[in-house]
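Peer 1: One letter stands for each residue in the lines below.
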Amino acid sequence: MKFAVIVFPGSNCDVDMYHAIKDELGEEVEYVWHDADGLDEFDGILLPGGFSYGDYLRSGAIARFSSVMKAIQKAAEEGKPILGVCNGFQILLEAGLLPGAMRRNNSLKFICRPVSLRVENNETMFTSVYKQGEIITIPIAHGEGNYYCDEATLHQLIENRQIVFRYHGDNPNGSLDNIAGIINEKGNVLGMMPHPERAVDQLLGSADGLKMFQSIVKYWRETHVVTA
Amino acid sequence: MYKVKVYVTLRENVLDPQGNAVKGALHSLSYNEVKDVRIGKFMELVIEKSERDIDELVREMCEKLLANTVIEDYRYEIEEVVAQ
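Residue numbers (this note's numbering), protein chains in the order written: chain G, 1 to 228; chain D, 1 to 84.
One chain only, chain G, in its complex shape:
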């Protein structure tokens, strides 16, 4: 399976993402600059964290208009797995690939620490290797992770089981309904504030993020690799 790590000016988790795929997962991965206009050669797209365009105007607001986003839109329509982490999630929201928006954390502080998450839906291409209800530890690092959407959208997210991760125990940022990560209705675009790519080895304090990448590969092998 071949992954693309999209790099915007100001991305800063691209190297961690690359490392997670190449060294821990053992799959193919390439950096793709934001001005690329095609992603056809890739099977999975990863939007890393950081501060694309310095978070000017709003987090993700400017990145959403870069030329690679048209290719990401196309990949989303084709059903390819697309994962946006932190700023990547914010970009997916701004692009309208996921519903809702981010507000400043309730505390107004930038929070960087491991948090507990509950896997709310393990029947997705991103979470199938987790157990339903599994509690995992993944670090967060953000100042604007306070997820918001209107009531109708929240109702829809709950109804369709689109809330994939919730904060377990205390909610670090004040997000609506303790939301930490959501998926689109079709099930191939996932956005989450916590950083699975920073939790891929016990040496980093947790390896719980690795199962997310393993789930994506498992899905891809099951649907694309024809067994003779």
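It is worth saying that the hints were derived from the structure and are not from the lab.
Note that the structure is predicted; figures quoted are calculated from it, not measured.
The reader is advised that the hints may include incorrect statements.
Calculated cross-link-like contacts (lysine to any residue; reagent style SDA-like; alpha-carbon spacing at most 20 Å) [said to hold, decoys possible]: (1) D/LYS64 with G/LEU57; (2) G/LYS109 with G/TYR56; (3) G/LYS70 with D/GLU63.
Since the structure of chain G is already known, use the hints to place chain D on it.
Peer 2: Chain D in isolation, oriented as in the chain G frame:
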């Protein structure tokens, strides 16, 4: 030429953590009359005249980029100025 002032604030029903913090600080300065503080953005655009209707043009910019209408409201003022 037009000088356009765009104001973007969080929507009424969206909690504004920054505004709340500032309200708390004003209260601690004994300005207890302050009932609410909303923090937003102010943008000033200088726009050349074109065939496009200026009002329509600015609204389009707000909807597409300047405001995120999921959580933000916007309003604007358009002033016609003589180019220098």
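Peer 1: Hint by hint, say whether it matches the structure.
Peer 2: Now the hints, each set against the structure:
Straight-line distance between C-alpha atoms of D/LYS64 and G/LEU57 comes to about 12 Å, which keeps the hinted pair within the 20 Å bound. Taking the CA atoms of G/LYS109 and G/TYR56, the gap is near 18 Å; set against the 20 Å cutoff, the hint holds. A threshold of 20 Å between alpha carbons decides the hint, and for G/LYS70 with D/GLU63 the separation of about 19 Å falls inside it, so the pair holds.
In this structure, none of the earlier numbered hints is contradicted; all agree with it.
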